[in-house]
Each structure stands twice: as structure tokens, then as C-alpha cells.
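Student: Each chain sits in its own coordinate frame; assemble them with the hints.
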Amino acid sequence: MLKLIRQSIVMLVLMTLVTGAVYPLVVTGIAQLAFAHTANGSVMEKDGKPLGSELIGQSFTDPKYFWPRPSATSPFLDNPSSSGASNLGPTNPALIDAIRQRIEALHAADPGNTAPVPVDLVTASASGVDPDISPAAARYQIARVARVRGMSVDDVTRLVDRATAGRQFGILGEPRVNVLKLNLMLDRKW
Amino acid sequence: MTANDIIQLGLYLVVLLLLVKPLGSYMAAVFSDGRNRVARIGAPIERVLYRICGIAPDEEMSWTRYAWAMLIFNILGLLAVYALMRLQAWLPLNPQKMDNVPPDLAMNTAISFTTNTNWQAYSGESTLSYLTQMLGLGVQNFLSAATGIAVLIAVIRGFARRSSETIGNFWVDLTRSTLYILLPLSFVLALALVWQGVPQNFSAYKSVPLVEQTTTTGTVKDANSNTVKDAAGKDVTKTAPVTEQLLPLGPAASQIAIKQLGTNGGGYYGANSAYPYENPTPLSDFLEAISILLISAALCYTFGKMVGDKRQGWALLAAMLLIFVPLLLLCTWAEQAGNPALSRLGIDQSASVLQAGGNMEGKEARFGIVDSARWAAATTAASNGSVDAMHDSFTPLGGLVPMWLMQLGEVIFGGVGSGLYGMLAFAVVAVFIAGLMVGRTPEYLGKKIEAYEMKMASLVVLIPCALVVIGTAIVVSAPQGLALLTTNGGVHGFSEVLYNLSSVSNNNGSAFGGMNADTPFFNTLAGICMFFARFPLAVGMLAIAGSLAAKKHVPPSAGTLPTHTPLFVVLLAITVVIVGALTFLPALALGPIAEHLAMLGR
Numbered sequence: 001m002l003k004l005i006r007q008s009i010v011m012l013v014l015m016t017l018v019t020g021a022v023y024p025l026v027v028t029g030i031a032q033l034a035f036a037h038t039a040n041g042s043v044m045e046k047d048g049k050p051l052g053s054e055l056i057g058q059s060f061t062d063p064k065y066f067w068p069r070p071s072a073t074s075p076f077l078d079n080p081s082s083s084g085a086s087n088l089g090p091t092n093p094a095l096i097d098a099i100r101q102r103i104e105a106l107h108a109a110d111p112g113n114t115a116p117v118p119v120d121l122v123t124a125s126a127s128g129v130d131p132d133i134s135p136a137a138a139r140y141q142i143a144r145v146a147r148v149r150g151m152s153v154d155d156v157t158r159l160v161d162r163a164t165a166g167r168q169f170g171i172l173g174e175p176r177v178n179v180l181k182l183n184l185m186l187d188r189k190w
Numbered sequence: 001m002t003a004n005d006i007i008q009l010g011l012y013l014v015v016l017l018l019l020v021k022p023l024g025s026y027m028a029a030v031f032s033d034g035r036n037r038v039a040r041i042g043a044p045i046e047r048v049l050y051r052i053c054g055i056a057p058d059e060e061m062s063w064t065r066y067a068w069a070m071l072i073f074n075i076l077g078l079l080a081v082y083a084l085m086r087l088q089a090w091l092p093l094n095p096q097k098m099d100n101v102p103p104d105l106a107m108n109t110a111i112s113f114t115t116n117t118n119w120q121a122y123s124g125e126s127t128l129s130y131l132t133q134m135l136g137l138g139v140q141n142f143l144s145a146a147t148g149i150a151v152l153i154a155v156i157r158g159f160a161r162r163s164s165e166t167i168g169n170f171w172v173d174l175t176r177s178t179l180y181i182l183l184p185l186s187f188v189l190a191l192a193l194v195w196q197g198v199p200q201n202f203s204a205y206k207s208v209p210l211v212e213q214t215t216t217t218g219t220v221k222d223a224n225s226n227t228v229k230d231a232a233g234k235d236v237t238k239t240a241p242v243t244e245q246l247l248p249l250g251p252a253a254s255q256i257a258i259k260q261l262g263t264n265g266g267g268y269y270g271a272n273s274a275y276p277y278e279n280p281t282p283l284s285d286f287l288e289a290i291s292i293l294l295i296s297a298a299l300c301y302t303f304g305k306m307v308g309d310k311r312q313g314w315a316l317l318a319a320m321l322l323i324f325v326p327l328l329l330l331c332t333w334a335e336q337a338g339n340p341a342l343s344r345l346g347i348d349q350s351a352s353v354l355q356a357g358g359n360m361e362g363k364e365a366r367f368g369i370v371d372s373a374r375w376a377a378a379t380t381a382a383s384n385g386s387v388d389a390m391h392d393s394f395t396p397l398g399g400l401v402p403m404w405l406m407q408l409g410e411v412i413f414g415g416v417g418s419g420l421y422g423m424l425a426f427a428v429v430a431v432f433i434a435g436l437m438v439g440r441t442p443e444y445l446g447k448k449i450e451a452y453e454m455k456m457a458s459l460v461v462l463i464p465c466a467l468v469v470i471g472t473a474i475v476v477s478a479p480q481g482l483a484l485l486t487t488n489g490g491v492h493g494f495s496e497v498l499y500n501l502s503s504v505s506n507n508n509g510s511a512f513g514g515m516n517a518d519t520p521f522f523n524t525l526a527g528i529c530m531f532f533a534r535f536p537l538a539v540g541m542l543a544i545a546g547s548l549a550a551k552k553h554v555p556p557s558a559g560t561l562p563t564h565t566p567l568f569v570v571l572l573a574i575t576v577v578i579v580g581a582l583t584f585l586p587a588l589a590l591g592p593i594a595e596h597l598a599m600l601g602r
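Going down the list, the protein sequences come from chains X and C.
Counting in the numbering used here, the first sequence runs from 1 upward without gaps.
Counting in the numbering used here, the second sequence runs from 1 upward without gaps.
So that you can see chain C by itself, here it is in the shape it has in the complex (with noise of 0.2 Å):
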């Protein structure tokens, strides 16, 4: 590692944290339950929607309500976005003349986008109209974060309360993440992306000239769009001049704010934000980079401040740091040695003032490979799944890292509310545990952590462990499976269902790119594990919630585990890695670890 691969490091996390306090607290504000100044000023628009939509603001939910208004709108939702890219043809604002989607992808898409996933088995440039993008996935890119953040402020309730009934009302949670929390900060990340480089218009795209004029090399299709073929079998090329590039425009910066911010992830264009349009600078970068983490993290003091003990929130602040620290270095090391073959062929990959250096196959000359490693080990700890560099062309460790982030249950982080309520169910898993130890209930933040408790965290814990073994099994064992193959075999290819099937079962979105996942077999699969790694959970949790918010508060005995403390932290990180590694070492094994053994040996 390079002195400027350490110092863009540290800056990193140093703002990270420094946004943490700010941004932690006025969200706990805008959730009070007083009165407090943020809802005074918003409060006029918010009795115009209660209004026109029916709702009383006051009246509270229990968490089997609380549920069902969350799923309902969400299935809703989904629907909605199927029906655009269903009928988009025929839809307003389709300037490039994009078909109607197929059903099989518009539903693997829809539920992509309302669980929060962003998993995308299509190039959003040549597939989907603005309609499409704007009305269909840039609204579900707030919606799904925003019910992700009403699910955990409803959570938190469950543990602050005392002897309730209810945990307030998912209808204004929802609004108020999204009147407060994601639109503000989106809008102001939106323009700040423009001034970098990011298109913002409603033009169609746009024609330049090719200084050189080029070749397009193409196989040959018959009547039936089969390719032709030669007597001997190869298929038939045909090249033909190429003397322009087409641009692709639209509103693109004001949708990847919010696919930043909401840990959505999903790209406007294809190669997501390694495009120079959705990327253009180290700057933009930066600025990216700091939001896939900045509202997960900071809702870890908007914990703390809730249940009134802030030590609470930085004390699962540090757990993940714990873990996310050494994994984010050991990803950048393994990207800065490089491919030993490489250095074979006589290719220089040494870091100096004139070249990053490292495995620079998939990766952006202005990013290089800090930036790329930063953004890999950031965008899958939280459930972003955006990639500034390709992951599939990762080096073995490079690429066991982000891939082993996901298989931790998305908790590092995580995505907006979904990542702390599911660090929340492991944090119930770990009292449990210190509770076996010493032969006492188990209690969390003065509650009683009982078998319906613990059977519901279990539940959370393991439905995506599951969810990615019996998936990646049903790839590997069948021809449909292993006919997506398409680009690398081997142990790199069990790698890339691995890493995928890691990413639709933990609601991530990135991808090992070399797979065709467009079939109809693949965009089912991952459609099924997409919605059971997303809406069970929130409704597990919200039980849990519920359960909680009916107990009393036990005052601390002597016989209490203090939860704030440093043994404390440990035993979380060190329940979250246990839980992943013992589901998981076996499949890594013959995945990356093999191919990183093969790398060198070879």
C-alpha cells in the first residue's frame, strides 16, 4: 500500500465520522415524537398530504398494522414500476423509442428496486425510457430507502417505549424520511454532481463525431435472429464504419443522488458509476463514496440518541467500523499487488507519481485503485451495490471482500435502516449468547430478551444465509444455471454465483458482471430472493419491535452486560463474523480463496 492510498483512506473515514454527530441527531429530531423545529417548518406540507391521502398523523399503530401498511405500499410500488416498463412504449417521455420490457426482467426489476436491491439484469441506456427512470425507479429509490428508515425508527420505538401498544405511524415515518431526510440531502448532492460533470437535462441523446473513425465487429443474424454461421462452423462478422458516438443524456444526476444516499445502488447507465457520466471526477467520487455510508452510519447516534443513551449508538457504530476497517485495507492491499501474470508479460504495475499501478483491468484511470477499493469494500458494506470499478475482474482476495460483506448480512453499515435493524437482531443474538455465558436472562437496553425475541432475531439472521446457499446450489447444479456462464469458468465462475446470489439474498445489487443474468430462469431466482431477504426481515423486526415496546424497562442489576463497552463491541463483531464465516468458509473456499491459491501457484 501506497502513503496515498493510506492518507485518501483516512480522510475518508475522518468525514464519515465527522458527518455521523450532525446529520444522527437532526434525524433523531425530525422522529421526536415532541415538538421539535424541523416538523414546524415542514409541518404545512405534511397536513396537505395527510389530508388529501386520509391519514391521522396522531393515530398510532400496533406492529401488526405497522406491517401491513408497509407491505401493502410496497407491493403497491412494485406493481407500479412493472406496469411502466411494461407499457413504456406507449408512455410520454421516450425519446430513444426503447421497447416494452419483457416481463420476466420488468418483474426481476420492479422487485429489485422496491426491496431496495438495485440488482439490474439490464443496461439502463439501451433498455429503459426517462418515464421509466424517473417516475418508476428514481421514486422507488426514495420509497424503498424511506420505508427501510421508517422500519428501524419503528424498531428503536419498540426499545424506548415502555409498556405501549403501539409503535407510531408508518405513514408519517415514510413521509418524513422523505420530506426531511433523502429528498434535502439528494437535492443538495444533485447539483453538487452537475457542477462535477453528471448530465441533468431532458434531451434526446446526442451525436458527436469520431476523431478516428472506428469499426463496429458484429456477428450476423438471420430472419430468425440466430447467428449465421460458415462452413466450418465460426460465426459469420461483418464489420461496417463507424464515424459517430451517440451520448446518452437524460436527468441522470438527480436520480444517482438518490441511489447514492437511499444505499439503492442502481445505475442510470450500464456500467454504473464507473461511467464518467454518472462519475466524472475523484471529486464526485469523494462525495459518492461518503454517501452510500453517511445516512446508515449516522442513524447509529440517531439509536443512541432515541433510547437515551447515546454510548448505545457509537457502541454499534464501532462495531462495524471494527470489522469494515481491516476488510476495506486487506481489499486495497490485494488491488495494489496486482495479477502475478500480468507482471509475467512484462507489464509494469508498481505504484509510482506517474501511474496507480496494481490490477487495473475494470477500472477507471481517474479513480485507480484506492478509489476502487474504497468503493468496493463501502458499496457492499452498506446494501449499495453501485460499482465505481468491476468487481468480477477483482483479484481472488480483492474480490472475497466485497463478496464476504454481503454474506455478513448486510449489517456492516448496511442499508438505510434495514443495515441497523439488522445489526439490531444480531446485537439480540450476542445478549443472548453473553446471557448463556454467565446463566442470566438476557436484557438489551432494559429489555428482556425472551424466546419470541430470540426466535424472530434468529429468523432475521438466517433467512439470507439460507436464501444464498440454496440459491447458488440451484445455479451450480443446474444447466440453465451453468449455461450463464458465458465469460469465465472454473472456480472463477462458482465465484461469480457466489458473489451473485450473495448480492440479490442480501438486498445488494452489485454484481460479478461476466454472468448473463438475463434469463428467465436467473431474473426469477433472484426475483424470489430478493423479496424474502427484504420484506420477512422488516417484518420479523417489527415484531420484535412490538413484543419490546409492550415491556417493562428492568433497571440494571449487578448481573447486567453493559452494552456500550469495548467487551461489548467485540462480542458483537465477533457474533457477525462467526455467523458469516461458519455459513460461508466452505463456499469461499472453493471460490475465491482456490483461485487466489491457483494465482500465485501458477
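Just chain X, same shape as in the assembly (with noise of 0.2 Å):
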């Protein structure tokens, strides 16, 4: 038994220094050498000052720009240090209720808009920090971002398809439209 325990405590040692030390390491000098924009978290700059990452959501309220997936992070929304969902039931009151406000929200925005509203643009996304909505949901937008912005609904079209994706390979996953990257090509800032 003695030597069992000698034996575990010099295997825990070294297979801690080859999978905990040695892998990760490893793992790390090639990605920062191979990948080093996505290694380090995806932030778009311009002139040398960070952006935002490409793959963290921003919360945005402002009526000319276009509006995320809803988030339930805490302390404020879009907030990436503290991810999480509602987790609120299919059948909770509390989730129809938050859908609710979110609708109005967006007819109050929106007034002249009475088209359905998509159903991604209304809940909660899974980790507080989506990135992207359907198609579907900024097409529901463009209307109103053209309006408040003073701009052509044909100019803002264009901007929303130059931050579309298709499916990936035109099989994997789902159409998407990253969020902070259209808002930021709104501004003029990327």
C-alpha cells in the first residue's frame, strides 16, 4: 500500500508537469506564433486602439444603431467577465413578461413597424455575449437605423450584408450578422 501511495504521488507529479505545464505551453507558443489575432481574444483596432473583439456582443439601446440578442448578464448587460442566460422556463410568466417589454421596446422605436418581430431578436441568448442575430432580426432593423440615421435604406442594406455570414461552408451552424461590426461601419470607425 505504501509503495502504491509512493508511486501515485510521483505519477500525479509528473503527469501534472506534462498535461498541466508542458501541453499548455506548448499549445501557446504555436498559437501565438500561428494565430496570434484570435490567440489573443480577436480585438479589431484601428490605429493602434482596440475596438472590441469580433466574437464579444456590445450592448447597444440606441435607436440608430441596430440592437443584439437581449442578455441576462449582471451587473450590466453584454457583460463578458460575468457570461451567463436567464435560464428562465419555457413556461415561466417572468420569460413572457421580459419578452413582452422587449417587443414594446421595439415598437416604441419603431412605430411604423408591424411586420412579426424575428424570434431571436426577443430572447435571451445563451451566453450574454452573443456576437450575432439572424438575418431575420437585422433586416427587421434596417427601417428604423435608416430613418434615424438619415440614411438610404438601400446604403444600410448594403452595410448589413457586408456583416453577414453564411452558414459556414454553406453547411455548418446558421446565417449571422456580427452586431459590433455593422454598428461600427455605421460610424465609420472600421
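If you are wondering where the hints come from, they were derived from the structure by calculation, not from laboratory data.
One should not assume that every hint holds.
Unchecked claim - Partial list, derived from the structure: chain C residues whose beta carbon lies under 7 Å from chain X:
{"#": "1", "residue": "TRP68"}
{"#": "2", "residue": "PRO282"}
{"#": "3", "residue": "MET360"}
Since the model is a prediction, treat every value here as computed from it, not as a measurement.
No residue lacks a Cβ here, since even glycine has one placed at the ideal position from N, Cα and C.
Tutor: Here it is, written out as C-alpha cells:
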């Protein structure tokens, strides 16, 4: 038994070195050489200043911007250091109330729009920092953003198309629009 | 279901099955007793490791010694993780100045990661230092998975060997699992994930400006951390402007790779694989979802090859698919159908070229419905437990699928190693039932199944069931238990308790996250469940291995039930389903099934 304990301790130390130190260090070394942009958080930059991460959503409530997926993070929306979802069950009255309020906010910002609301625009994302919305959710907002900014619908649509990615390789996942990229393009910052 | 749903699910299953044979036969080579190319390349490294540890690699172990080595090694690992968490504030590689973790949470987490459960009552980006993530959790991701594979290989030797006193050497099996299987696969997957966008660095968290300023809303705490109330008894809130976002970074990719391959599932970040840094693109989602089932599926082929009849391995895999595929389709259908309450609000939930539609609460736009449902079924069929969508917000039937897949005992693929040895326990039970029906002594793979094997197999099958049912009963009858239901009440609250106890008692680790799991009461209860769902089962299977290895081979006769035929595949699947259904249907009727009827009827 003592022999097994001694062997266990030494084995644990060696395996910790191999899997806990050598492995992540080697992966880090290669990742930093080969994929420096993504390995450091996919941060978009202009003139050396960071603009935000391509992968991490930000909160937008101003009608001149496209709005992202609702977020359930605290203490502020789209907080990447405290990720999480609402975890509200499908029959929870709190879920229905929250969704009703989001629909009202969308209608208040764009009273003329009577189209059905795309579901992803009023339901909270899983991470709370979902960077994307569906193309349907982007289209729903084009008229509003164009009107508030005094831009033509065609110009805004063109920017939406530029921020849209289709299914990866035509098969995987879902088509999506990166909201932060789109709003930065609207502000001519990126 | 849409054509896109079918294409993505079909592609997933085809790629997975194509990988079974190459990886399965590679793993059989790794553990074969004879000379082989794999072991020759790694032999110098292995020799150095064994010399430093004072291990004689040729020394064969009896099943009891094998079990002791496994237990001692794992309990030491558990204590090491506990120590790291309790001391992290004073240790290096802690750029965010994380505090020491409280004892109940640290013990829960240490048990969770050594038992391959990876239940998480904390949020990684706000609780753990880089050192704890790497040396504690990252290491146990490898070692708990390697332990599972080692035990399985010993069990396979029990079937393959004849009149033998021994079932292999734990240290050799552990080392080879780690060096030849888990490390190379993780290395490749980690780099693929970085390519897709997963961070891998040692920088401190990075601050970036927000395009539009936002505000915090929070309750005000007094000096004793109690929430301050106003005259009307409502919480006082204060708002503060926020102009920056703090991006959590760190060595994420290396840990996420092994968390998927080793069926661990513990997220680097709180939102687990839904977090864009853990799972940035549909391709990363596909690769991670394949990794969840990859080793467990391929081990079926390894099993067939090592017992000298590949058909036996394919039969087990077929029984798994027979249960997995219908449940996968049910989950996808239920989520794509959406929530009727939302349609009444004028919301468009239909699938089209412009949107995934369906029940999008708690899901990510890049994954939509089908990737989320695929992940939910895979992560609970295997005892992985990572999530790319929040199961708590699934429709009732969509949530029933992952819950029931766990309750089946984590044998449909299951944890690496542990899933297949669990399935072998069910196979023993199945041949026993068949033996009762035709009135002959049951045999499996040429070994007589007798009272001792049946007792052990029954324990292996029934312990997790008992833990789920008793644990759920404790939570719903204790005031400390009901106090955990802070987000959802009623039938859905019951579903939360049932789901979470099913998760910890089958070493899965996924959660219905609305329940407040980080209390001393639940940390303790869950810790006990995770511990007893893992080690007694492994020891029970090693006991079977020891007993079978000592037996002679019985040549098949006219009365032997062939165990590679469709008949046996169906019998095995039915055995798994019946145990799962008889034990849990009453509880499921009170939870998800009742909620489904309520959702339709409202």
C-alpha cells in the first residue's frame, strides 16, 4: 500500500507537469506564432486602438444602432466577465413578461413596423454576449436605423450584407450578422 | 424539422462513424500486450516515467491491486485540486487576483473534476486563477479521462483472458491513455480551436471601449453584505455608467480541447461552450461536438478488436445508436417547434433562409436550433456535460431528452471508458435476462455469467438510479433545497432538481442552470452523489473483470445466445430503456411531461 501511495504521488507530479504545464505551454507557443489575432481574443483595432472583440457582443439601445440579442448578464448587459443566460423555463411568466417588454421597446423605437418580430431579437442568448443576430433580425431593424440616421435603406442594407456571414462551408451552423461590426461600420469607425 | 436540420445531423453521424474504426483500432494497438509501433515510438518516454515513479511496467496486477492503485491515485488528485483552490490567492499565475475558493465549493469542484463530472457551481472567469485552471482542472481533465479508459481496458482484459489471475497494470494503462490517446488528440483539436477564435495566452484580461455607453444596475449592499431596502421594502438599486468591457482571456483552447475529448465538459468560462470564446464558429461547434462522442464511440471498436470478435463491438455501438438517434431527432423537433406562448405575442418562430426560428431563448444565433439540439443530445449521451445552449430554457420535451439520456446511466456512449464499462454491465444483465427466458446458464463472450457477476452488474446499474431518486427526494423535501429554486418554480422547478441530481449522480455535469447550486447544502449533496456515482462503479466493474479473467473459456454451443446479432442489439437497448423508464417515468411525469401539457394547454 505504501508503495502504491509513493508511486501515485510521483506519477501525479509527473503527469501534472506533462498535461498541466508542457501541454498548455506548447499549445500557447504555436498558437501565438501561427494564430496571433485569434489567440489573443480576436480584438479589432484601428490605428492601434482596440475597438472591441469580433466575438464578444456589446449592448446597444440607441435606435440609431442595430440592437443585439437580449442579454441576461449582470451588473450590466453583455458583460463578458460574468457570462450567463436567463435560465427561465419555457412556461415561466417572467419569460413572457421580459419578452413582451422587449417587443414594446422595439415598437416604441419604430412605431410603423408591424411585421412579426424575429424570435432571436427578443429572446436572451445563452452566453449573454452573443455577437450575432439572424439576418431576419437585422432586416427587421433596417428601416429604423436608416430613418434615424437619415441614410437610404439601400445603403444600410449594403452594410448589413457586408456584416453577414452565411453557413460555414454552406452547411454548418446558421447565417448571422455581426452586430458590433455592423454598428462600427455605420459609425465609419471600422 | 427542416432540410438543413437533417443535413447537419446526418453529416455529424456520418463523420463520427467514419472515425470509429481508425481511432478504435489505433487504441487497440496502444493497449495490446504484444509489440506494436505506437509503444515503440513512445517507449523511451514511458521508460523514464516508470523509472522515476519506481514502477515495473511488466508487473501484472490482480483486480484488487488495480482498484487500489486507481483509488489512491484519484484521491490524491482530488486533494491536490482542493489544495490549489484553497491556496490560489497566494500562488503565482493569478493576474486577476482571484480569492481563495471557500471550502464547500472547493471540495465540490475537486470531486467534480476527479470524477470526470465537471459539475460547476462557480463561474470560471470570475473565480479561478490561471494556475488553478491549468494545474488543477486541466490536469484532472486528462487524468479522470485516462482513469476511465484504464478501467475499461482492464475490464476488456477480463473478458479476453482465460484462467488469469491478473488484469494488467494500472500505471501502464493510465500512462498510455494519456500520452498516446488524449494528448495527441487534444493538441490537434486545441490548435484547430485557436484557428477558429478560441484564446490561448497568458495575458491579463483585456479592457476594450464600448461603442455605446451602458449602465450597471445593481442592488446596494451595506457593510454586512445585506441588501439595502427602501421604506416600501423594495431593494434599493443604484446605476453607474459603464464605458468599457473586460475580455476574459487565458489558456482556454488547450483546456477546452481536453474537456471535450475526455468527456469532462467543465467550461473555462461560465457560459461553457455557448461562450463565443469557447466555441466561436459553427466549425468549432462541429469539431467539439464530434470530440464529445469520438473516443467513447471508437472504444466500442477497440473492445471488439481486443476480445477477438469485432462484431461484438459493432453490436454495442449499434445498441447505443438505436437509442441515441431517435432521442436526437425528438430533441431537434421539439426545439424547432418552438414555444406556443411566444407565437401568441406576434413573434415569428418559423424557420426560413433568414433565421433558424424555433425556441431561441438561451441559444446562440450562430448555432440556431439544430446545432444546439445536437449538442444537448451528444453531451448528455456521453457524460460530457458541456453545453452550447442553456438546457433550462429548452421546451419541456427538448429538455426531457438530455435529462433522460443521463438517467439511462450514461451508457449511450457515456464517459470515455466509463460509458462502455457501464454498457458492459447492461450487457451482462441482458444475457442474464435472456438466460432466464430460455432456462440456460448465461454466457457472454465465452465466459459464464454467475451470481457474483450479476450482483456486481446490478450494483453498477442501480447505484446511480438510487442516487438520483434519493437526492431529488432530499432536495424537494428540505427547506434548504426548495430555497435553491430562485429562477423557476412549479413543475419546472421540480424538473430543475431532477435534472441536476441526474447530472451529478451520473457524472455528467450539465445543469438546468436556473437553480442556485452554490450553497453549502447543495455543494455537499452533489459532492457525495458524484463521488459514489464514480468510484464504487469502477471498483464493481474491476471485480467483474477479476472474476471473469480467472474463468475458463466456454466454447459456444447450440444453446448459446449469440451477442453480435440484431436480436441481441435490440435486447440490450430494451434492457437499458426499461431500467431507465421504470425508474424515472413517474418523476418525469411530474416534471417535463406535466410542463409540456401545461404549455400546450394554456
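Student: Decide, hint by hint, whether the structure agrees.
Tutor: Verification of the supplied hints:
| no. | hint | verdict |
| --- | --- | --- |
| 1 | TRP68 | holds (6 Å) |
| 2 | PRO282 | holds (2 Å) |
| 3 | MET360 | holds (4 Å) |
Hint violations for this structure: none, all hints satisfied.
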